[in-house]
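Novice: Line order of the protein sequences matches chains B and F.
If you're matching positions, the first sequence starts at 2 in my numbering and goes up one per residue.
If you're matching positions, the second sequence starts at 104 in my numbering and goes up one per residue.
Simulated from the structure, these hints should not be mistaken for laboratory data.
It should be emphasised that the depicted structure is a prediction, and the values quoted were computed from it without experimental measurement.
Treat the hints with care, since some could be wrong.
[Claimed, not checked] Ranges of calculated distance between the beta carbons of each label pair, as one might list FRET restraints: (1) F/F161 to B/A62: 36 to 44 Å; (2) B/A62 to F/S168: 39 to 47 Å; (3) F/D142 to B/R60: 20 to 28 Å; (4) F/V218 to B/V15: 51 to 59 Å; (5) B/Y73 to F/R196: 36 to 44 Å; (6) B/R27 to F/Y206: 17 to 25 Å; (7) B/D47 to F/F161: 25 to 33 Å; (8) B/S75 to F/V218: 45 to 53 Å; (9) F/E165 to B/S75: 43 to 51 Å; (10) F/K217 to B/Q28: 15 to 23 Å; (11) F/Y206 to B/Q94: 45 to 53 Å; (12) B/R27 to F/L147: 32 to 40 Å; (13) F/E224 to B/A62: 27 to 35 Å; (14) F/A194 to B/Q28: 36 to 44 Å.
[To be verified] Far from chain B, by Cβ distances over 10 Å, these chain F residues were calculated: (15) E121; (16) H145; (17) S163.
Idealized CB from N, CA, C, for every residue including glycine.
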Amino acid sequence: MGFLSKLFGGRAAVQQLPTGTITVNRQGHIVTSTVSSGFPKKMLHDIGRDVIELFREARTAQMPLAEVSLHYGSLRITARELRGGAIIFLFPQTALFPTPTPARP
Amino acid sequence: MTPKDINQLVTQIETHIECWKQFNHFITLARAKKFSPADDNHFLEIKSIIVQELELIFASVEVQSPTREEIHALIGSAPSLRYLSEQGEGALRGLEAQWHKIYIGWHAILGQLKVKQRTEENKTFWGGKK
Numbered sequence: 002m003g004f005l006s007k008l009f010g011g012r013a014a015v016q017q018l019p020t021g022t023i024t025v026n027r028q029g030h031i032v033t034s035t036v037s038s039g040f041p042k043k044m045l046h047d048i049g050r051d052v053i054e055l056f057r058e059a060r061t062a063q064m065p066l067a068e069v070s071l072h073y074g075s076l077r078i079t080a081r082e083l084r085g086g087a088i089i090f091l092f093p094q095t096a097l098f099p100t101p102t103p104a105r106p
Numbered sequence: 104m105t106p107k108d109i110n111q112l113v114t115q116i117e118t119h120i121e122c123w124k125q126f127n128h129f130i131t132l133a134r135a136k137k138f139s140p141a142d143d144n145h146f147l148e149i150k151s152i153i154v155q156e157l158e159l160i161f162a163s164v165e166v167q168s169p170t171r172e173e174i175h176a177l178i179g180s181a182p183s184l185r186y187l188s189e190q191g192e193g194a195l196r197g198l199e200a201q202w203h204k205i206y207i208g209w210h211a212i213l214g215q216l217k218v219k220q221r222t223e224e225n226k227t228f229w230g231g232k233k
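Pulled out of the complex, with its shape left as it was, chain B reads as follows (with noise of 0.2 Å):
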């Protein structure tokens, strides 16, 4: 499940984190998206695909998921399962939600 490494892998480049939406249909392909369109395409594409792929499994392993919440340290992705299709969340946490700082004893 190695969502940051397939979008962030082998470049060296700095990108923002993606803030918004994505609809997939039940072949991964990305039907609406909330998703600033300076955003990489192709991204957003691998993101659907592997959360799709990911609810296929699930049901293939008959515990069928509802819900998935992925929380990274500066991005939470939560996808709903819609029908074989999916909707997902994609909000970095710096943004909304401050990454909470340990307490200093």
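Assemble chain F onto chain B, guided by the hints.
Specialist: Leaving out everything else, chain F in the frame of chain B:
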């Protein structure tokens, strides 16, 4: 409209209907006053997706009901979960009734498309019925 177009539209409307279900789920959260800031963000995103998908659907097929105005009115009356949670029971019921009318309207459209889909499937190569 080709059979492939109809199939695509059916899938698109099915996804759209699922987004409407999500919309209702958020009304339930607002009524119970059990939501987080993240839920409020998701609610905003769901509404944005609904409005975008609506235009994509309207560009592909003529829909008599629900109308664009009805949908925009409903979405306009639900600016946030916080706002809805501060509304009285009567207002929330009105919102739910409006949601239900639109939701059932989409199922009617989906049904009509499935009839078309079936008609196309039953056509033989030469254009006659099987």
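Novice: All hints are to be evaluated individually against the structure, with a verdict given for each.
Specialist: So, going through the hints one by one against the coordinates:
A beta carbon spacing of about 39 Å between F/F161 and B/A62 agrees with the range 36 to 44 Å that was offered as a hint. Against the hinted window of 39 to 47 Å, the Cβ-Cβ separation of B/A62 and F/S168 comes to about 41 Å, which satisfies the hint. Distance hint check for F/D142 and B/R60: the Cβ-Cβ separation is about 26 Å, which falls inside the suggested range of 20 to 28 Å. A C-beta distance of roughly 52 Å is found between F/V218 and B/V15, which places it inside the suggested range of 51 to 59 Å.
At about 40 Å, the CB distance of B/Y73 to F/R196 agrees with the hint of 36 to 44 Å. Against the hinted window of 17 to 25 Å, the Cβ-Cβ separation of B/R27 and F/Y206 comes to about 21 Å, which satisfies the hint. At roughly 30 Å, the beta-carbon separation of B/D47 and F/F161 lies within the given 25 to 33 Å, and the hint holds. Between B/S75 and F/V218 the beta carbon distance is about 49 Å. The supplied range of 45 to 53 Å therefore holds.
Against the hinted window of 43 to 51 Å, the Cβ-Cβ separation of F/E165 and B/S75 comes to about 45 Å, which satisfies the hint. Range check, F/K217 to B/Q28: Cβ separation about 19 Å, and the 15 to 23 Å hint holds. Range check, F/Y206 to B/Q94: about 33 Å between beta-carbon atoms, so the 45 to 53 Å window is missed. One distance hint, 32 to 40 Å for the beta-carbon pair B/R27 and F/L147, is violated here, with the actual separation near 25 Å.
The hint said 27 to 35 Å for the Cβ distance between F/E224 and B/A62, and at roughly 33 Å that hint holds. One distance hint, 36 to 44 Å for the beta-carbon pair F/A194 and B/Q28, holds here, with the actual separation near 40 Å. Not every C-beta of chain B lies more than 10 Å from that of F/E121, the closest at about 4 Å, which undercuts listing it as non-interface. A beta-carbon of chain B is positioned within 10 Å of the beta-carbon of F/H145; the least distance is around 6 Å.
Look at F/S163: its CB is around 12 Å from the nearest CB on chain B, clear of 10 Å, so calling it non-interface holds up.
In this structure, the hints that do not hold are numbers 11, 12, 15, 16, in rising order.
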